[in-house]
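Visitor: So the chains spell out like this:
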Amino acid sequence: MFALFAAEEGGGGGLQFPPISNLVEWPNYFGDGTIFAFNKIGLISMLALLIPTGMFLLSKKELVPRGLQNIVEGAVEFVDKQVIQSAIGPDGRKYMPLLLSIFLFVFFGNIFEVIPTFQMPANARMANPIILALTAWAMFIAVGVKAQGFSGFMKSSLFPPGVPKALYLLVTPIEFLSTFLLRPFGLAVRLFANMLAGHILLVTFGVLCIALWQKSALAIVLPFSFATLVGLTGFEVMVSLIQAFVFSLLTAVYISLSLNPHH
Amino acid sequence: MIASVILAAEEVEAKNPILPELSEMFWGAIAFFSLWALVKFVLLPPVLNVMNEREDRIRGDLDAADAARARQGSAASEVSDQLAGSRAEAAQIVDAARAEAEAERAAIIGAAEAEVASMKADAEAEIAASRAEAMSGIAPSVAEVAADAAGRVMNRQIPLSSAQPVVDRFLSNSN
Numbered sequence: 001m002f003a004l005f006a007a008e009e010g011g012g013g014g015l016q017f018p019p020i021s022n023l024v025e026w027p028n029y030f031g032d033g034t035i036f037a038f039n040k041i042g043l044i045s046m047l048a049l050l051i052p053t054g055m056f057l058l059s060k061k062e063l064v065p066r067g068l069q070n071i072v073e074g075a076v077e078f079v080d081k082q083v084i085q086s087a088i089g090p091d092g093r094k095y096m097p098l099l100l101s102i103f104l105f106v107f108f109g110n111i112f113e114v115i116p117t118f119q120m121p122a123n124a125r126m127a128n129p130i131i132l133a134l135t136a137w138a139m140f141i142a143v144g145v146k147a148q149g150f151s152g153f154m155k156s157s158l159f160p161p162g163v164p165k166a167l168y169l170l171v172t173p174i175e176f177l178s179t180f181l182l183r184p185f186g187l188a189v190r191l192f193a194n195m196l197a198g199h200i201l202l203v204t205f206g207v208l209c210i211a212l213w214q215k216s217a218l219a220i221v222l223p224f225s226f227a228t229l230v231g232l233t234g235f236e237v238m239v240s241l242i243q244a245f246v247f248s249l250l251t252a253v254y255i256s257l258s259l260n261p262h263h
Numbered sequence: 001m002i003a004s005v006i007l008a009a010e011e012v013e014a015k016n017p018i019l020p021e022l023s024e025m026f027w028g029a030i031a032f033f034s035l036w037a038l039v040k041f042v043l044l045p046p047v048l049n050v051m052n053e054r055e056d057r058i059r060g061d062l063d064a065a066d067a068a069r070a071r072q073g074s075a076a077s078e079v080s081d082q083l084a085g086s087r088a089e090a091a092q093i094v095d096a097a098r099a100e101a102e103a104e105r106a107a108i109i110g111a112a113e114a115e116v117a118s119m120k121a122d123a124e125a126e127i128a129a130s131r132a133e134a135m136s137g138i139a140p141s142v143a144e145v146a147a148d149a150a151g152r153v154m155n156r157q158i159p160l161s162s163a164q165p166v167v168d169r170f171l172s173n174s175n
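Taken in sequence, the protein lines are chains P and H. Counting from 1, position 53 in the first sequence corresponds to residue 53 in this note's numbering; the numbering is continuous, with no gaps. Counting from 1, position 58 in the second sequence corresponds to residue 58 in this note's numbering; the numbering is continuous, with no gaps.
None of these hints come from the bench; they were simulated from the model. All residues carry an ideal CB built from backbone N, CA and C; glycine is no exception. Treat the hints loosely; a few may be bogus.
According to the in silico footprint, chain P covers these stretches of chain H (three or more CB under 8 angstroms from chain P) [claimed, not checked]: (1) 20 to 31; (2) 50 to 56.
Example chain P residues on the side facing chain H (calculated, C-beta under 10 angstroms, incomplete) [unchecked claim]: (3) G31; (4) F105; (5) N128; (6) L208.
Make a model of the complete structure from these sequences and hints.
Guide: This is the structure in C-alpha cells:
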C-alpha cells in the first residue's frame, strides 16, 4: 500500500518506485517499542493459525466427505502422500503434525500476498522463515540423536563413510557447515527470498499500472501491464503452494536423513 | 493521511528490511507453535480417525466383495456340476424309457401278430369247414341235375349212381 501511495503521490512527476523498506515494513497496531509490537505480519501469522484451525474445526467428520472436509482431508492426504511417504516412508507418519503444521502455516502465510487489503506475504519478512527453519533444524537434530545416539549422529553427519581419512580435515568442516548451518539458513532464505521477490514483482506491476493510468500517452500499454499483473497474481498463488510444499518436503528429507543416514 | 503513512514508513526506513523483527518473530512463534500443538492434539486426530475408518470400511467392503465373488464362483461351479449330473441322469432315464418302450412295442406287435395269425387260421379253418359242408350239401343236387341234363342230351335215362362219382370228382378238382 505504501508503494501505491508513493506512486500516487509521485503521479505528476513520473514513475517513482518506493524504497524496499516501504514494501515490507508495517506500522504497529499496538505495542510500539516492545517485543509485543503487533503489525500486519503478526496479524497474518495469527490468521495463518486461525484459518486452518477454523477449517479443521468446522469440517464435518463423515465417511463420505463433502465441502470443507474435502479440502481438509485433501491437505492431510497431500502432506501424507507427497511429503511424508515420498521422503520418509511409512515410519514418517509420526511427524505428520509437524509437517502438516509447517505446510499450512507457510501456505496461509504466503497466500495473503494475493488477498486484497493484505497483499503481503508474512514470509516475505525473515521472522517466520527463521522460526520455521530453526524448528526444522532442532527437529532433525533431535530425531538424529534419538535414532542414532549423539555420537552416532555426529559421526554420520560429520564423517561421511567412504572418504579417505586425510580428507576429513577438509570434509568435516564442510559437512558441519552444510548440515548444521546452511540447512536452516537455506530453508529460511529460500522461502523468504522467493516470497519477497514475488511481492516486489507484484508491487512493481501494480505501481506500473497506476503510473500508466495517469499517463495518457502510455495508457495504451496499460492493458498489457495489467494482464501481466493478473497473471503474476495467479503465479504467486502457485508459488505460495509450491513454497509450502518445498519447505515441508525439505524438512521431511532432513528428518529422513537423520533417521537413516546411509540412505 | 497519505503523508502520515509515508512518514510512518520513513521512520522504519532506517532499519535493514531483510533482518527479522523480534516482535514479528514473537508473534510468528506463538502462532506456529500454537498451530503445531493444536494440529497434534486437537485438529488432526479426528481427521485421521475418519480417514482410517473410511479406509478400513473400503478395505472391508472390498474383502467382502472378493469373498462374495469367490462364493459365487463356487456356487456356479456347483450348479454346473449338478446340471451336468442331472443331464446325464435324464439321458439315462430317457434311454431306459426308450428301450422299455421299444421292448413293449415289440411285445405288443408280436402278440398282435400272433393273435392275427391265430384268427386267420381259425377263419381259414372255418371257411374250409363251411366250404366242405357246402360242397357235401350241394353234391347230390348237382349230381341229380347233371344226370338229368346229361339224360336229356342223350335222350336216355342216366342213373344217378353213375353220375354221382363224376360230379364228386369234378367238385373235388374244382377246389
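Visitor: Are the hints correct? Go through all of them and say.
Guide: Right, here's what the structure says about each hint:
1. Proximity of the region 20 to 31 of chain H to chain P, defined as three or more residues with a beta carbon under 8 angstroms from a beta carbon of that chain, is established by the 12 residues found.
2. Coverage of the region 50 to 56 of chain H by chain P holds [criterion: at least 3 residues with CB-CB distance below 8 angstroms; count 4].
3. Using the Cβ-Cβ criterion of 10 angstroms, the hint placing P:G31 at the interface with chain H is satisfied: the shortest such distance is roughly 7 angstroms.
4. Nearest Cβ of chain H to the Cβ of P:F105: about 5 angstroms, under the 10 angstroms cut. The hint holds.
5. Taking 10 angstroms as the C-beta cut-off, the interface hint given for P:N128 holds, the closest approach to chain H being about 4 angstroms.
6. For the restraint placing P:L208 at the interface with chain H, the shortest Cβ-Cβ distance is roughly 19 angstroms, beyond the 10 angstroms limit, so the hint is violated.
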